[in-house]
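Here's the letter readout for the chains.
4 protein chains.
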Amino acid sequence: MERDLFLNLSPLDHRYYVSNRALFNQLAEFFSENAYIHYELKVEAALANVLAKRGLCSPAVACEIVHACEQVEPAEVYQEEEKTKHNIRALVNCIQRRVSSEAKPFVHFTTTSVDIMDSATALRFKEATLQVVLPKMLELESILIALARREKATLQVGRTHGQHAVPLTFGFAMAEYVSRLGSRIETVSKAAQELRGKIAGAVGAYNASSLFFDDPLEFEAEVLRELGLKPANYSNQIVEPEYLTDYIHGIISAFGVLANLADDIRHLQRTEIGEVGEAFEATQVGSSTMPHKRNPWNFEHVKSMWKEFMPRMITMYADQISEHQRDLTNSASGRFVPEIVIGFVAAVDRMTRVMQKLVVDQERMLQNFDSTKEMVIAEPIYILLASLNHPNAHEAVRLLTLESQKTGKTLRQLVNENEELAPYLNKLTPKQLEILNNPEKYIGHAEQKTEQLCDEWQQRLGIN
Amino acid sequence: MERDLFLNLSPLDHRYYVSNRALFNQLAEFFSENAYIHYELKVEAALANVLAKRGLCSPAVACEIVHACEQVEPAEVYQEEEKTKHNIRALVNCIQRRVSSEAKPFVHFTTTSVDIMDSATALRFKEATLQVVLPKMLELESILIALARREKATLQVGRTHGQHAVPLTFGFAMAEYVSRLGSRIETVSKAAQELRGKIAGAVGAYNASSLFFDDPLEFEAEVLRELGLKPANYSNQIVEPEYLTDYIHGIISAFGVLANLADDIRHLQRTEIGEVGEAFEATQVGSSTMPHKRNPWNFEHVKSMWKEFMPRMITMYADQISEHQRDLTNSASGRFVPEIVIGFVAAVDRMTRVMQKLVVDQERMLQNFDSTKEMVIAEPIYILLASLNHPNAHEAVRLLTLESQKTGKTLRQLVNENEELAPYLNKLTPKQLEILNNPEKYIGHAEQKTEQLCDEWQQRLGIN
Amino acid sequence: MERDLFLNLSPLDHRYYVSNRALFNQLAEFFSENAYIHYELKVEAALANVLAKRGLCSPAVACEIVHACEQVEPAEVYQEEEKTKHNIRALVNCIQRRVSSEAKPFVHFTTTSVDIMDSATALRFKEATLQVVLPKMLELESILIALARREKATLQVGRTHGQHAVPLTFGFAMAEYVSRLGSRIETVSKAAQELRGKIAGAVGAYNASSLFFDDPLEFEAEVLRELGLKPANYSNQIVEPEYLTDYIHGIISAFGVLANLADDIRHLQRTEIGEVGEAFEATQVGSSTMPHKRNPWNFEHVKSMWKEFMPRMITMYADQISEHQRDLTNSASGRFVPEIVIGFVAAVDRMTRVMQKLVVDQERMLQNFDSTKEMVIAEPIYILLASLNHPNAHEAVRLLTLESQKTGKTLRQLVNENEELAPYLNKLTPKQLEILNNPEKYIGHAEQKTEQLCDEWQQRLGIN
Amino acid sequence: MERDLFLNLSPLDHRYYVSNRALFNQLAEFFSENAYIHYELKVEAALANVLAKRGLCSPAVACEIVHACEQVEPAEVYQEEEKTKHNIRALVNCIQRRVSSEAKPFVHFTTTSVDIMDSATALRFKEATLQVVLPKMLELESILIALARREKATLQVGRTHGQHAVPLTFGFAMAEYVSRLGSRIETVSKAAQELRGKIAGAVGAYNASSLFFDDPLEFEAEVLRELGLKPANYSNQIVEPEYLTDYIHGIISAFGVLANLADDIRHLQRTEIGEVGEAFEATQVGSSTMPHKRNPWNFEHVKSMWKEFMPRMITMYADQISEHQRDLTNSASGRFVPEIVIGFVAAVDRMTRVMQKLVVDQERMLQNFDSTKEMVIAEPIYILLASLNHPNAHEAVRLLTLESQKTGKTLRQLVNENEELAPYLNKLTPKQLEILNNPEKYIGHAEQKTEQLCDEWQQRLGIN
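Protein chains in written order, with the working numbering: chain A, 251 to 714; chain B, 251 to 714; chain C, 251 to 714; chain D, 251 to 714.
Quick caveat, the hints were computed from the structure, so don't treat them as lab data. One or more of the hints may lead you astray.
Copies of the same chain look alike in the list, so a pair counts if it fits in one copy or across any two.
[Stated by the list, open to error] Under the rule of at most 27 Å between Cα atoms (straight-line distance), these lysine-lysine pairs were calculated in the DSS-like manner: (1) K386 to K335; (2) K335 to K656; (3) K691 to K659; (4) K303 to K681.
Note that this is a predicted model, so its numbers are computed, not measured.
Chain A on its own, in the form it takes in the complex (with noise of 0.2 Å):
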């Protein structure tokens, strides 16, 4: 059934899409409707091996079934519906329709239509982190790594409050993304290893499966087992909930990451601060009545998309609420959860073009240090006048530092001059006495703990 793009409702099934075809053809392959009953079909064959395994038919019955499942498509499908009102029972008569009668009784047997979708959906959110999610977070963990290693060195004033604090290095700030976006990626990682599936019937209780086999649980494995998945620990009608919940947090608190990410790379944007800058193509309008804008979009568009989906989290936690043994209020919500994964996926990948780009204007980033470097000395003076035993360090520095703005002379040489302080500084070693003279050499273990950061993750990841 074919249809105008610009028909569609959702965003991610017009704008985005357009402008990232390939990506979001990719992640079709798991997320779409189509996608979604090729993978239902995947369940349905992988039962009927299994069933053929066991005796119940004849490899013959299993082969028909199988070959069956990979030939009904969506359309079919959703045509049966219309009659049936119940997507698997037309599922299951759009593969009882290609196979012989003798086989017509094997497709679906024993198990209830959430064995199939829960099953599916395990598999699918699996295979589309395996494929799709961690290679793009490995990939702009890739870029924070070098883009970290290349600016370790890099000056850059520390900003707490937005006001100038103690100086680090630029490769030091990307640092913070390289680590907390690596343990998201072990986060995600180990959160969709854990996805689990069902094969234990209408209740749970495995009391159609039992009709048959001694050991159900046991029939259950086989059958997860060719699909690659584990069994749910426990399941009434659906597969307990929080193996998903547990997956979309590590999502969503991904998420977070590149939305602090998105926030502090545009406000180094800022026209006042100017410290980086996205690459601009010739053609590029960057507003449409001031053409010489040249805005931080990429960046604000990444937080505003963490702002759309973050908020889903609320629906995935109600989510974790079914009456009984199931109720179908979690049918329909369910249904929008691989939006969240899309929308994070889209926020990586163009995190990524954005950031492999990343302009670094090292000498504006030295200005700006340059413009409170005097100020900044105040911590380690106070730091080292209390390490000698000055009876009140931190007021003595906050009153040089009032001096300071009235007079305009720099903190330094208030410090140099005062009589009061002289004994103590008399006592510093040339290290310190280095640094309290070169404020842009107080900057810590910044260089190394970048490093080492960046060693560790690649190591952690796997990445080369």
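Take the given structure of chain A and dock chains B, C and D to it, following the hints.
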């Protein structure tokens, strides 16, 4: 650009579209990307008309532009955007391409992109509300009114905490939704009328339009008047966000009313309660393995849709924040706002269809009431005793109910046998006695209030 | 029951209480448990008065009850509740204990617990709004109006996407909040007026009151009239929830306006921007290790409070759902609703204090504008060229801005040197030319609109 | 500073404190302001100890500081903060006031405020988890295991969509919560172990500590080791937020499991179902006007607490974002995070108390099952027919169920009378036939799986 529906990612663009094409096609007239672009073109056309009225350009120029605006199609704009990387610049280019060089400059004249987009957004939400949302809500309201009136005298046990309480009528129970939905119809209607546009330029200070007009605010008002809109009380680059926030609050709080109704009805459908039922079609399948099941799946679906869309209010609140004269972090998220309205309207439509055919089992309602009617009478007994100055009516009745549970005698029996209570009972009015002896008459003003509410809302909402 | 403050668990009951005792004590008059119980007693007293008016009991009985209601204290009710396990039954026992046996039965007569609790809730939110919330909001509004007026002509660069755009005035930027906060004051005020009570009994059908009155709705209205409340349009055991939901939407959407203002101001305080500042006390410490820091911590605090309270709207929406005539799943959550108002008022109060002392650095604003003013002029140039029928004004200007960046020449210079543009420039009006040559005059109607908005809101809100 | 409890604003500090003092006092040891300050003092003390170990100061100095840290009290710190307007500077002043001038400089040496606060936060959440949260969760888990084992063979009808489905056992239904709560205990436990501290200075680059140590990371690790904590993988001014975000996800997803259990039980308590009940005390009042009511109010309360606290996850996600090396917009909101844990523990505790005394009405369960057992048998009939190659088993059974509804004959009767089905029935195994004739035996592996899950979780969690 044609594409297979089943490759779409959002359930709104495959499953729910397929299951309700008529409605979704109607919604697409306001909320598809196609519609959005056409609404933007309407704003550009209105602008041209006012420029001509004010003599900035000739009527012929305006005519050219208006005509061009009627011809531009989304696919073309998207193609152009690949070059410009800017959607409204692309739109403007597409219009300009179609007009004479004399007319070109007056396309988009003095406006900023968001003037066009925000005005188009206000307009499409407003028109969708008037043409679809409100009519759909009113249709459901009419059905609820008819149901409440029809069942106004149908005895039903009142339930608090899932426990039988004192009786009422099923019509009175439905009148709850007549009132709550009625109030939400007014809320949504008012909020839609308040959606506003802007023609105030890049930072909202009428910088550009002031180059040509001494009364740029009046110029703005004129352009918007062409579209049936009012200007925002304040705008910077964007319209102040509270107009849309209030509107979506109206939608989401109305969705909560639907969700509550859905919950009420599906619990009344529980096997053990069975007071209402969803009419089933002959070929419909209840469950793939349990062919006898009749599930309240439409009501479950409505609840599920509420769980999906309700949390998105968080996005609206987060999008109230836009730095200085605007950042773009509300842009992508803003593109998903129509989905909330779509999800809501789809739920209203579904609710309408199933409530219209709701089967009410009056006999079962009576049976359920009868099962506890002897205990229900505890309340009036206690109150009447109290009114007659019994020193501790509440405790006296509580002890009798415990005795009733032990002995199996009815509360009425125990009360009548109780010598201590006799002098009190003798003082009751005939009406009071009648109720004590006929618990089913203890329904207060249920019937009258039902009538009154139906009358009131029919009048307030202009329903025949 | 006395207890050390620092053993309290909620920051509202230790840290924020300590830092603003006057305000929190004022709020406790409506929102402490003490206040809640006293409001419930007011409802019980109003009920007794109306019973006497209607002759159900004697005036002396009503008088006894009213007097008792003035004496009951929370500690006593809680002690009683340990026995009854029911808060309102405990309250009633405490009242009854104080009155004659003749009066006892008329305590709580014909009502259900929620009649008392929901009416008390409506009343305390309404009175808190009239006595604290609105006065606090109006105080902030007045300060914003004064600030906007004072700075109406203070040149500031407009910023979109954190980038310099065309100029406006700082007063105009503040007028945004005059308008948005003004609109929220009206929203909160209207919603508070709409809070409703109920005296309709256990399931809302007036079952009990109908035993004694032919006009139970009028009886309900009378009791509520004593309290200055109207009855809910519909109630079952509880008042229909939308009145309170709308009210809290008003509060939370107003909180969003504060959060946006806080963000704007704290970014303007960035070291590199420095256009405004929070006045600091002499002994105040900016940072424990960086004594020179001046952090915008009050604005950060307001944003943080918004993050804490805004998501609680989800609870309000979830509490719209109550099964059948009521379940109690909105009871505990309902007890936390006042916190939202408290958090909001505390934020308004803090904002008022810091905005009152906001230091505006007009010189720095000018410097910031000057740094890009040559590029800012791109917009009017483009628009004026277009108006004069330049065939491709946007592209022409875009190329000139690129040239300007390369050559270091100002855009004005390049424009003036450009032969192709000369014939167009010759056609400009004097006013237009003046703006082109004085970018700081390109502020549109910023000043006038600021005045107009301040006038409008002072009038609408009755601010002198 | 003493204060009347009933003047407190948060229900956690009045109503819920009063109703469960023992538990809330225990929680106050970690989560009151008093506790927070004491934990901060522990971090300051640990720091002093390591400074002495490393020879920066003498053991005597460290001893002085440690001793002072044991003496400082919150009231004093708050008084000091009135001057400093900075909580940690106030704390430091209070410590310094108690030590010799030789020791003063080594108080808080090289650290920034957040080093102390974030490490204290990690520590108090971790210790609260080990000492209260996990023990409470394990207690509930034990009760659920005991209940599941005891009722492992108690026949109950399975319910999907609120409709009777195939049977299971009540123990199996409870095993769902054994599994889901068990998994959440592991999640919370792991996340608590992962909570991390930091001693990395103002922007996380060890600027200050590098002035004195060549191995500042090892110095950080040593200080934290004193407290039983590990350093964050990365920190700027703050610990990377995902450790706490993951922990709260664990708590909130566990809360969802409670909420589901609460819903299940309260629906099973519906008057019409009546399969379980909450044991009532003799003096307890069910309703102020309906003395016979037995409401599932504890389960409703737990659901309500979940509605209150679940949405606060949004705050956690929003607080993942902190600009550059940190802004303070996570500060106020961060102070409310303990409330989530408190609300959860209170709900676990309540659940434990009511589940412990849960009354299971096995007879009523059997009656409910019996009411539909004839229809329930539809599933095994259909499956067995299918397995025997009946060409259209599903449809055949569906038609028979319709016939059964019309004629009043049981499905078994109709099946046995049906000539077309006879040849199929003859092929059934004895076990299969026994189930067909005894629907109550159609419970699959419910009993075995219950046992297995109880065994598994007892072992995994080390429960005796």
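Consistency of the hints with the structure:
1. K386 to K335: between (38 Å within a copy, 23 Å between copies)
2. K335 to K656: For K335 and K656, the Cα distance is within 27 Å only across copies (23 Å; inside one copy 80 Å).
3. K691 to K659: Classified as within: same-chain Cα gap 21 Å, cross-chain 37 Å, threshold 27 Å.
4. K303 to K681: between (75 Å within a copy, 22 Å between copies)
Hint check: no violations occur; every hint is consistent with the structure.
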